[in-house]
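**Student:** Modelling step: build the complete structure from the supplied sequences, incorporating the hints.
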Amino acid sequence: MEDTDPEDQNLCRVDISRGDNVVGSLGETSHSFGYEGTGKFWNAMRSPCYGEKFGLGDTIVCAVSLEEKPLASISFSKNGKCLGTAMKFNAAMDPEVKNFQWEFAFFPQLLLKNVEVELQFSVEDELVLEDGFKPCLAALRDGNAIGGPVFDDPKDCEMMMMVGMPASGKTTGAKKWVKDHPEKRYVFVGINMVFDQMKIAVVVFPSPEEVKARLLQRFDDLGFLVHAKIMNELLATFVLPVSKDVTCSDEFFDEVMFVELNRDESHNVLEEMKQEESDLNSNDSSPYSCKNFDESYPFSPNYGGSHVLLCPTLSPQYKGAST
Numbered sequence: 001m002e003d004t005d006p007e008d009q010n011l012c013r014v015d016i017s018r019g020d021n022v023v024g025s026l027g028e029t030s031h032s033f034g035y036e037g038t039g040k041f042w043n044a045m046r047s048p049c050y051g052e053k054f055g056l057g058d059t060i061v062c063a064v065s066l067e068e069k070p071l072a073s074i075s076f077s078k079n080g081k082c083l084g085t086a087m088k089f090n091a092a093m094d095p096e097v098k099n100f101q102w103e104f105a106f107f108p109q110l111l112l113k114n115v116e117v118e119l120q121f122s123v124e125d126e127l128v129l130e131d132g133f134k135p136c137l138a139a140l141r142d143g144n145a146i147g148g149p150v151f152d153d154p155k156d157c158e159m160m161m162m163v164g165m166p167a168s169g170k171t172t173g174a175k176k177w178v179k180d181h182p183e184k185r186y187v188f189v190g191i192n193m194v195f196d197q198m199k200i201a202v203v204v205f206p207s208p209e210e211v212k213a214r215l216l217q218r219f220d221d222l223g224f225l226v227h228a229k230i231m232n233e234l235l236a237t238f239v240l241p242v243s244k245d246v247t248c249s250d251e252f253f254d255e256v257m258f259v260e261l262n263r264d265e266s267h268n269v270l271e272e273m274k275q276e277e278s279d280l281n282s283n284d285s286s287p288y289s290c291k292n293f294d295e296s297y298p299f300s301p302n303y304g305g306s307h308v309l310l311c312p313t314l315s316p317q318y319k320g321a322s323t
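Counting with the UniProt record's numbering, you get residues 1 to 323 for the letters of the sequence shown.
In case anyone wonders, no lab produced these hints; they're calculated from the structure.
All C-beta atoms in this analysis are idealised placements derived from N, C-alpha and C, irrespective of residue type, glycine included.
Treat the hints loosely; a few may be bogus.
Between beta-carbon pairs, the in silico distance windows are [to be verified]: (1) 199 x 58: 23 to 29 Å; (2) 23 x 265: 38 to 44 Å; (3) 165 x 188: 17 to 23 Å; (4) 133 x 55: 33 to 39 Å.
Once the Cα atoms are required to be at most 27 Å apart in a straight line, the calculated BS3-like pairs of lysine-lysine come out as [what the hints assert, rightly or not]: (5) 155 x 40; (6) 134 x 40; (7) 179 x 53; (8) 134 x 199; (9) 274 x 229; (10) 134 x 88; (11) 184 x 155; (12) 244 x 229; (13) 199 x 184; (14) 134 x 78; (15) 113 x 69; (16) 212 x 199; (17) 53 x 78; (18) 113 x 199; (19) 176 x 69; (20) 176 x 134; (21) 78 x 113; (22) 212 x 184; (23) 244 x 113; (24) 155 x 179; (25) 113 x 81; (26) 88 x 53; (27) 176 x 212; (28) 199 x 175; (29) 69 x 88; (30) 81 x 155; (31) 78 x 40; (32) 155 x 199; (33) 88 x 40; (34) 176 x 155; (35) 113 x 212.
**Tutor:** Set out below in structure tokens:
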């Protein structure tokens, strides 16, 4: 975006992480490493200058030696030029992760923002090897790969929903559950995380006539309509979002798009509907619903927010590989 520092508009960080590392935090933990396009080398949130900057059209090769004693090493090359050793680190297994071997195996990882890359894991992919190194895929052939957690069938995936009132401890409880069950490899999905990822708001605000037509179609397809009381409650609090550059805005959107009625039209219709709802003062009808239908609401609107945890159920035989 225009107000973003040019150096932060794009991000490419390449290296390895241990199996117990949180996805999305490359270079931010003690067992996660990342060489960045800015020339910095990231590990445990420290980022000393390491090598040259890289960008569009450059080829970066990451060479990891896990056989060096007493410490393993990581080095890089850029367009065939060796940049030297970036870091030496302890690749030994920690006692607390002995129950899950995949937790201490290392795997290639990328952290990208507005960047497109092409990966080469074998000579067949036109990978140019560093002297004395083998391609990553050779670990499979040599029997040096440790399988990660998988599930045999998508139906075996476990999902949990945290239900509770605001500030009741849903987030804290979910994070503790994830920490207490590392073997599950849960993926934590929370409302705040979703909000942090959203930059563009797409507003779907059709004309009243189109709304009625879609409600009728919904009734034909699903056999129910949302109760007028629920619609009136939603209508009373509904507002049109604005981008963060608007004066006095507390929104976080970089852009707001109106894909049906434009903003002015949507605003006018919304105000008319709110006024009509106020005049009706009834829970049996709504300016945003169709009449002459038995209306129902198939689920509770009062969850008070939710968090979803996803994890695979481990199969008896590990599949895949981490090297």
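**Student:** Decide, hint by hint, whether the structure agrees.
**Tutor:** Hints versus structure:
| no. | hint | verdict |
| --- | --- | --- |
| 1 | 199 x 58: 23 to 29 Å | holds (27 Å) |
| 2 | 23 x 265: 38 to 44 Å | holds (42 Å) |
| 3 | 165 x 188: 17 to 23 Å | holds (20 Å) |
| 4 | 133 x 55: 33 to 39 Å | violated (24 Å) |
| 5 | 155 x 40 | violated (42 Å) |
| 6 | 134 x 40 | holds (25 Å) |
| 7 | 179 x 53 | violated (36 Å) |
| 8 | 134 x 199 | violated (41 Å) |
| 9 | 274 x 229 | holds (13 Å) |
| 10 | 134 x 88 | holds (19 Å) |
| 11 | 184 x 155 | holds (15 Å) |
| 12 | 244 x 229 | violated (32 Å) |
| 13 | 199 x 184 | violated (31 Å) |
| 14 | 134 x 78 | holds (18 Å) |
| 15 | 113 x 69 | violated (35 Å) |
| 16 | 212 x 199 | violated (30 Å) |
| 17 | 53 x 78 | holds (9 Å) |
| 18 | 113 x 199 | holds (13 Å) |
| 19 | 176 x 69 | violated (36 Å) |
| 20 | 176 x 134 | violated (40 Å) |
| 21 | 78 x 113 | holds (20 Å) |
| 22 | 212 x 184 | violated (46 Å) |
| 23 | 244 x 113 | holds (21 Å) |
| 24 | 155 x 179 | holds (24 Å) |
| 25 | 113 x 81 | holds (25 Å) |
| 26 | 88 x 53 | holds (21 Å) |
| 27 | 176 x 212 | violated (46 Å) |
| 28 | 199 x 175 | holds (25 Å) |
| 29 | 69 x 88 | holds (10 Å) |
| 30 | 81 x 155 | violated (48 Å) |
| 31 | 78 x 40 | holds (14 Å) |
| 32 | 155 x 199 | violated (32 Å) |
| 33 | 88 x 40 | holds (16 Å) |
| 34 | 176 x 155 | holds (25 Å) |
| 35 | 113 x 212 | violated (41 Å) |
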